[in-house]
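Kindly produce the complete structure, drawing on both the sequences and the hints.
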Amino acid sequence: MDDARIETLLLQLVSDVAVIKSRLDNVDEIRETLKEIGSRVEKIEAMNERHEYELKALENRCNKMEEFTRNNLTDTNKTQRSVFISVALAVVSATISLVFNML
203 MDDARIETLL LQLVSDVAVI KSRLDNVDEI RETLKEIGSR VEKIEAMNER
253 HEYELKALEN RCNKMEEFTR NNLTDTNKTQ RSVFISVALA VVSATISLVF
303 NML
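Just so you know, we're using my numbering here: the sequence shown kicks off at 203 and counts up by one.
Source of the hints: derived by calculation from the structure; they are not laboratory data.
Fair warning: this is a prediction, and the values are worked out from it, not measured in the lab.
Keep in mind that the hints are not guaranteed to be accurate.
Stated by the list, open to error - Heads up, simulated DMTMM-like pairs for lysine to aspartate or glutamate below, C-alpha to C-alpha not over 20 Å straight-line:
1) K258 with E269
2) K280 with E269
3) K266 with E256
4) K245 with E256
5) K258 with E268
6) K258 with E247
7) K223 with E234
8) K245 with E261
9) K266 with D277
10) K280 with E268
11) K237 with E247
12) K245 with E234
13) K266 with E254
Stated by the list, open to error - Between beta-carbon pairs, the in silico distance windows are:
14) Q282 with H253: 38 to 46 Å
15) N273 with N250: 28 to 36 Å
16) L212 with R252: 38 to 46 Å
17) F302 with R272: 52 to 60 Å
All C-beta atoms in this analysis are idealised placements derived from N, C-alpha and C, irrespective of residue type, glycine included.
This is how it looks when you write it as structure tokens:
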């Protein structure tokens with residue numbers, strides 16, 4: 203083999219090594235990008251879990267508030283009935299007293 207042929211093969215080898223190195227650099231960049239994406243996914247999953255916990259807590263508070271409101275409405279109705287019955291009994295009692303006093 204002559205020197206020109208060896209030189210051509212060496213240049214081709216250097217060119218191939220440069221292509222391989224650039225592809226390896228791309229692979230390294232892809233790995234770094236995947237690591238970054240993985241950490242972002244972990245952060246998003248952590249945020250999602252926290253949001254789910256907060257949603258459950260808010261749902262529980264809403265349910266408790268609804269139950270409290272219903273209980274208060276029921277108590278209010280009972281109180282109104284009791285007051286109405288008390289007033290009615292007082293009126294009946296006063297009427298009966300007035301009738302007996304007139305006799």
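Going through the hints against the structure:
| no. | hint | verdict |
| --- | --- | --- |
| 1 | K258 with E269 | 16 Å, holds |
| 2 | K280 with E269 | 16 Å, holds |
| 3 | K266 with E256 | 15 Å, holds |
| 4 | K245 with E256 | 16 Å, holds |
| 5 | K258 with E268 | 15 Å, holds |
| 6 | K258 with E247 | 16 Å, holds |
| 7 | K223 with E234 | 16 Å, holds |
| 8 | K245 with E261 | 24 Å, violated |
| 9 | K266 with D277 | 16 Å, holds |
| 10 | K280 with E268 | 18 Å, holds |
| 11 | K237 with E247 | 15 Å, holds |
| 12 | K245 with E234 | 17 Å, holds |
| 13 | K266 with E254 | 18 Å, holds |
| 14 | Q282 with H253: 38 to 46 Å | 43 Å, holds |
| 15 | N273 with N250: 28 to 36 Å | 35 Å, holds |
| 16 | L212 with R252: 38 to 46 Å | 60 Å, violated |
| 17 | F302 with R272: 52 to 60 Å | 45 Å, violated |
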